[in-house]
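> From first to last, the protein sequence lines stand for chains G and E.
Going by my numbering, the letters in the first sequence line up with residues 1 to 384, in that order.
Going by my numbering, the letters in the second sequence line up with residues 1 to 294, in that order.
None of these hints come from the bench; they were simulated from the model.
These numbers were taken from a predicted model, which means no experiment stands behind them.
Quick reminder that beta carbons are idealized off the backbone N, C-alpha and C, glycines included.
One or more hints might be untrue.
Covered stretches of chain G, going by a simulated chain E footprint (3 or more residues, C-beta under 8 Å) [as the list claims (entries may be wrong)]:
| # | region |
| --- | --- |
| 1 | 93-100 |
| 2 | 103-112 |
| 3 | 268-282 |
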Amino acid sequence: MSGRPQSPRPQIGGIRETFAPWADPQARPLVRFDGVSKTFGDTTAVDDVSVSIYEREFFALLGPSGCGKTTLMRMLAGFEQPDAGRILLADRDIQADPPHRRPVHMMFQAYALFPHLSVAQNIAFGLKQQKMARDEIAPRVEEMLSLVRLDGMGKRRIDQLSGGQRQRVALARALAPRPRILLLDEPMAALDKKLREETQFELMALQQTLGMTFMIVTHDQDEAMVVADRIAVMREGRIVQVGRPAEVYEAPADRYVAGFIGDINLFEGRVAASENGVVRLVSGDGTFEAEGTGPVGETAWVAVRPEKIAVHAEPPQQGVNTLAGRILDYGYLGDWTTYLVEIAPGRTLRAARANATRATDRPLGCDDPVWLTFATSSAVVLTR
Amino acid sequence: MRRERSALAAILPFLWLAIFFAFPFLLVAKLSLSDAALAMPPYAPRIDWSQGLAGVQAFLAGLDGETYARLTQDRLYLDAYLSSLRLAATGTLILLLIGYPIAYGISRCPPRLRQALVMAVILPFWTSFLIRIYAWIAILKPAGLLNVVLAKLGLPAVDILNTETAVLLGLVYAYLPFMVLPLYAVLDRQDETLIEAAQDLGATPISAFWRVTFPISLPGAAAGALLCFIPMAGEFVIPDLLGGSDTLMLGKVIWTEFFANRDWPAASAVAIVLLATLTIPILLFERQQAKVLR
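Whenever a hint applies, use it, and build me the whole structure from the sequences.
And the structure:
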């Protein structure tokens with residue numbers, strides 16, 4: 001490939017490039033899971049997980065329900081004991097510490113606010129437990145209330161609050177004693193979409209202002225992508241991939257991660273050649289080139305995201321990575337239009353196009369013949 | 001049609017209350033304002049319906065509070081009141097101390113065991129109340145089971161039958177389910193993640209209990225205390241069978257006035273005063289419940 005740029009590839013994931021303690025071999029992780037396993041009866045909830053979380057990081061555990069992400073978090077909080085492995089907090093094994101001695105606080109999924117206490121009393125709960133002086137508690141509670149924008153609500157009863165307000169009280173209560181790490185268990189599951197998006201940004205801003213370490217458990221990939229510095233994708237008790245949101249999205253470790261985060265088109269085939277970081281794959285749909293390496297002669301997959309596939313009404317000049325097809329269906333989403341293109345009987349691909357202009361009369365419609373192309377650098381090779 | 005039916009549905013409970021509560025209550029209230037008489041039934045005045053409205057007027061004129069005045073003159077009544085309330089209060093306190101750990105223990109058991117234990121709490125109801133109290137006589141009498149066991153253990157015999165101790169024992173035994181069940185209901189309903197949240201925020205398991213579990217269970221404790229205190233204050237069978245002649249309780253006083261002395265108005269007046277006394281804690285409870293619901 002002569003047309004490839006010789007300069008080093010641009011780093012994937014443009015934002016907050018400078019914050020990457022996980023890339024620094026000298027950095028000491030705040031939390032380290034070391035070969036942690038946990039079984040409940042016959043089911044293995046967590047299977048030999050090793051991962052490190054660093055100071056000031058916003059770390060997300062992402063996976064479908066039952067993948068072990070909540071169990072992993074509860075082991076850090078101390079509510080479950082690992083069957084094997086160690087959990088280290090600031091280089092200290094916390095195995096023997098009961099939950100109340102761990103400087104780790106959790107925001108529970110259903111908030112678990114104390115119904116017999118007022119908003120202020122809920123927030124002061126952990127402070128009283130720390131034997132903080134009475135005249136220090138009140139200002140700290142006020143500070144927390146304004147931090148979560150609930151000024152003047154301290155005297156309210158919990159049942160007088162809306163869902164969003166309860167969520168913020170739970171957040172303030174967990175943050176008030178200044179934990180080393182804040183655990184968020186599906187914190188936005190009970191909020192509606194609009195409020196959820198607002199809260200995601202608030203949560204990120206809060207984490208930045210306080211300079212604290214957050215760990216979130218979620219099944220919502222959009223949420224993990226928005227808030228997290230790094231995402232650990234879990235499947236059946238194991239961590240399949242850990243990386244920045246852009247890494248996980250653009251360079252998935254395997255087909256599972258590729259399919260779990262976003263939409264993906266896969267071409268299964270045999271690796272014909274692998275040189276200069278480009279793989280040539282021969283599949284039933286045609287021959288494709290994609291970035292990556294693969295064992296020649298073995299089965300592999302070329303994966304390409306719908307938004308990286310260009311849809312043309314006329315046959316393109318370019319020869320490689322081109323497919324002809326027919327629009328089977330399309331969905332207009334306002335910002336995007338997604339096309340379902342049939343490239344062979346019973347074989348469809350997804351392509352998405354940003355609606356960059358306000359034209360309401362789309363040039364492409366059902367049954368129109370189209371040509372799909374994607375760049376070699378836009379596709380990846382997956383071997384698993 | 002539908003509207004009529006819903007109106008009926010609204011009226012029925014009131015009708016029920018009127019027939020089975022308000023009407024009997026008015027009868028007793030009327031009786032308490034009458035005077036004892038050597039007649040059949042043994043009180044006067046009675047309404048002479050043949051006189052029409054004049055008869056009703058004559059009847060109303062005959063009613064007076066003399067019986068109530070009599071209650072204040074005889075120490076016996078006041079003593080009976082005080083000892084009834086004292087025994088009921090002591091019993092309630094003991095029941096709270098025994099019932100709370102039982103209810104808490106059951107609520108922390110695995111679900112299947114929990115059901116079995118709740119059954120075990122209710123099980124005594126399957127035997128006649130009277131027989132169970134008689135059984136206590138057999139246990140407590142001088143040559144009864146208790147003393148046999150004490151003798152086997154080389155301990156001195158006790159003679160507590162026909163004492164207040166025996167009455168308290170009987171009260172606590174008989175009313176334990178009424179204390180355990182409402183407490184269990186609130187403790188079982190309590191969200192376990194609240195305890196986790198408390199521990200997560202630095203509370204030891206003991207501190208989590210006192211700062212979260214206990215305050216949230218207080219309405220259940222109040223319900224149990226009232227469910228026990230109110231009927232215990234008017235209890236008749238237990239003091240009669242286990243307390244002998246030493247124990248003075250209102251239930252017994254009412255029974256004696258009614259059956260032995262044939263003084264129906266006095267029995268009714270004692271009952272009305274007891275009801276009035278017990279209404280105060282009931283109202284307090286209602287108010288507290290309303291606060292919880294709000």
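> For each hint, tell me whether it holds in the structure or not.
A quick look at each hint next to the structure:
1. 93-100: The restraint on the region 93-100 of chain G holds, since 3 of its residues have a Cβ under 8 Å from chain E and three suffice.
2. 103-112: n = 6 at 8 Å, threshold three: holds.
3. 268-282: Not satisfied, violated; 0 residues make the cut.
The earlier numbered hint that this structure contradicts is number 3, and it is the only one.
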